[in-house]
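Heads up: the protein sequence lines correspond to chains L and X, in order.
So that you can map any letter, position 96 of the first sequence is 96 in the UniProt record's numbering, and since no number is skipped, the others follow by simple counting.
So that you can map any letter, position 173 of the second sequence is 173 in the UniProt record's numbering, and since no number is skipped, the others follow by simple counting.
Since the hints were made in silico from the structure, they are not lab data.
Check before you lean on any hint, since a few could be wrong.
Among the chain X residues that face chain L by a calculated CB cut under 10 angstroms, a handful are [as the list claims (entries may be wrong)]:
id : residue
1  : 49
2  : 53
3  : 62
4  : 78
5  : 101
6  : 105
7  : 156
8  : 167
9  : 179
Some chain L residues well away from chain X (every beta-carbon gap over 12 angstroms; in silico) [as the list claims (entries may be wrong)]:
id : residue
10 : 11
11 : 83
12 : 97
13 : 139
14 : 172
15 : 229
According to the in silico footprint, chain L covers these stretches of chain X (three or more CB under 8 angstroms from chain L) [stated by the list, open to error]:
id : region
16 : 64-77
17 : 106-114
18 : 140-150
19 : 169-176
Using N, Cα and C, we set each Cβ at its ideal position, and we do this for glycine too.
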Amino acid sequence: MSVIDPQALTTSLQRLAGRGTADELLPTLRAVVDACVDLFGVSGAGIMLADEQNMTRYVAASDGPGRILEIVESETGQGPCTQAFVTNQIVPSSDVTTDSRWPRLATLIRPHGVRAVLGVPIALGGAPVGTLDVYLTEPHEWTSGEHAALSRYGDVVEAALAASLSAHRAGELAEQLQYALDYRVVIERGIGYLMARDHLDEVSAFNQLRRAARNSQRKVGDVAEHLLATGDLPGGQGNR
Amino acid sequence: MSGPTGDSPTADGDEIFADGPLIRGTEPLLALAGGREVLTDSELLTRVDQLLTAAVEVLGVDTVGLMLLDDRDRLHRVGATDEIADLLERAQAESGEGPGVESQRTGAAVAVADLSTSDRYPLLQSRVQGSGIRAVLSSPVRVDQQTIGNLNAVLLRAHTWTEPQLRANQAYADVIGLALKTVAQARATAGRVNRLQRQLGGSSRSGAAGEQDLERPGDDVEAAE
Chain L
1 MSVIDPQALT
11 TSLQRLAGRG
21 TADELLPTLR
31 AVVDACVDLF
41 GVSGAGIMLA
51 DEQNMTRYVA
61 ASDGPGRILE
71 IVESETGQGP
81 CTQAFVTNQI
91 VPSSDVTTDS
101 RWPRLATLIR
111 PHGVRAVLGV
121 PIALGGAPVG
131 TLDVYLTEPH
141 EWTSGEHAAL
151 SRYGDVVEAA
161 LAASLSAHRA
171 GELAEQLQYA
181 LDYRVVIERG
191 IGYLMARDHL
201 DEVSAFNQLR
211 RAARNSQRKV
221 GDVAEHLLAT
231 GDLPGGQGNR
Chain X
1 MSGPTGDSPT
11 ADGDEIFADG
21 PLIRGTEPLL
31 ALAGGREVLT
41 DSELLTRVDQ
51 LLTAAVEVLG
61 VDTVGLMLLD
71 DRDRLHRVGA
81 TDEIADLLER
91 AQAESGEGPG
101 VESQRTGAAV
111 AVADLSTSDR
121 YPLLQSRVQG
131 SGIRAVLSSP
141 VRVDQQTIGN
151 LNAVLLRAHT
161 WTEPQLRANQ
171 AYADVIGLAL
181 KTVAQARATA
191 GRVNRLQRQL
201 GGSSRSGAAG
211 EQDLERPGDD
221 VEAAE
């Protein structure tokens, strides 16, 4: 366990905090991938993340062949990176072009110079979310030392990813709350208008506004403005 | 399948972020992160601990320390993986001398093969004598092209740092810099979120409007239909 000075850390973070609100999610993914190459002397590295169907998809890579490896894996649904995600274990291949476990991958990847590949599962909050992948342009028997070091680096990727997701989420929330604050008066007037016009209680009136917002794919504040300007919710009469 | 989709491969990664999968790929992640919007202080310490601890194994060194500028631009020790690195950082901060201090000044990495026989930092040396610290590599931690601190890798034996090691240590310091910047933003934004929630709390209806908008679809509105 490290010795960390919480106060020192906090004051240092405060010093950094005023530096704008640019979303760091994509730069973070890219930076950890680029750093991986220098850290381990591999030919290339990449990250795959699971989509809503829990299939891992290419997200970032340090170079073209690394990107192709991940795209081919996600399209064929096979390979060491895919297997690492599914089994939640490190999966090495000393040469994917001759590896009999994944024949389709072998055929498709052969022209691209990717030979040895190692897939490392990445988790967030205990749940697997994707993989960190490294490759070499020559066949290579991955050693247990390399497994360990890359697994450790997987922890680093998780920490960096978690931090950028927190920042992203906080930024989204702040925007939504700011919007609600800016449109507070308009929304209240819209609710009041619907209550009077349609003889609704406050909750029902608000729900009607929200429903209209969802149906018209607009924000609640926009819908309230529209209502107050035209007397109607967007998309027609009443919307009961 | 006819072959990999999308553009022809390039060495640069710029077209990466235009790909559809990235946007879809981050949604489950955001859902996972959505459970807690704010990085609590204990989580923050855990993250930094993770980053430092992992450095030892990833960089293949004996111990690691981190110094950062505080809000008055003074270099202070922030973390270390054990008491030895902690001693190094405190000694650098107190003596105003050392590879980390020098790296802060020059913005470049400083490699010391054997601190015990070097005459570069006499004040520092006297403070860490007998600690076992021999080789030290200090890499600047940069955020937005500014040096905001340094990562100090330590070996308990004399060693001439190699070019690949310099590159690897710098790469790690860069990751730390980005992680710190992101964490700083998350905290600052969390503060803003708290302020906004308090402001909205003054009006119950719009407060509800603000918060209910944040829920995922498929909630009470559909049930009410």
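A quick look at each hint next to the structure:
The criterion of a C-beta within 10 angstroms of any C-beta in chain L is met by residue 49 of chain X, whose closest approach is roughly 5 angstroms, and the hint holds. Because the closest C-beta pair between residue 53 of chain X and chain L is about 6 angstroms apart, less than 10 angstroms, the hint holds. The criterion of a C-beta within 10 angstroms of any C-beta in chain L is not met by residue 62 of chain X, whose closest approach is roughly 14 angstroms, and the hint is violated. At a threshold of 10 angstroms, the smallest CB-CB gap from residue 78 of chain X to chain L is about 5 angstroms, leaving the interface hint in force.
Interface restraint check: residue 101 of chain X against chain L, minimum CB-CB distance 16 angstroms, threshold 10 angstroms, status violated. This hint is violated: residue 105 of chain X has a C-beta 18 angstroms from the nearest C-beta of chain L, more than the 10 angstroms allowed. Because the smallest distance between the Cβ of residue 156 of chain X and any Cβ of chain L comes to about 17 angstroms, over 10 angstroms, the interface hint for this residue is violated. The restraint placing residue 167 of chain X at the interface with chain L holds, with a minimum CB-CB distance near 5 angstroms, inside the 10 angstroms limit.
Residue-level restraint check for residue 179 of chain X holds (minimum Cβ-Cβ distance to chain L is 5 angstroms; threshold 10 angstroms). Not every beta carbon of chain X lies more than 12 angstroms from that of residue 11 of chain L, the smallest distance being close to 4 angstroms; the non-interface claim is violated. Every CB of chain X lies more than 12 angstroms from the CB of residue 83 of chain L, the least distance being 18 angstroms, so the non-interface label holds. In this structure residue 97 of chain L is separated from chain X by more than 12 angstroms, as the shortest Cβ-Cβ distance comes to about 15 angstroms.
With 12 angstroms as the threshold on Cβ separation, the claim that residue 139 of chain L sits away from chain X holds: the shortest Cβ distance comes to roughly 21 angstroms. Distance to chain X contradicts residue 172 of chain L as a non-interface residue, since its nearest Cβ pair spans about 8 angstroms, not more than 12 angstroms. Listed as outside the interface, residue 229 of chain L is consistent with that label: its C-beta sits roughly 19 angstroms from the nearest C-beta of chain X, beyond the 12 angstroms cut-off. Here's how the region 64-77 of chain X fares: 7 of its residues keep a CB closer than 8 angstroms to some CB of chain L, so the rule of at least three is met and the hint holds.
For a cut-off of 8 angstroms, the count of residues in the region 106-114 of chain X with a CB near a CB of chain L stands at 0, and the three-residue condition is violated. Residue count for the region 140-150 of chain X with a Cβ under 8 angstroms from a Cβ of chain L: 4. That meets the three needed, and the coverage hint holds. Note: the region 169-176 of chain X has 5 residues with beta-carbon separation from chain L under 8 angstroms; the three-residue rule is met and the coverage holds.
Of the numbered hints given earlier, the model fails hints 3, 5, 6, 7, 10, 14 and 17; all others are met.
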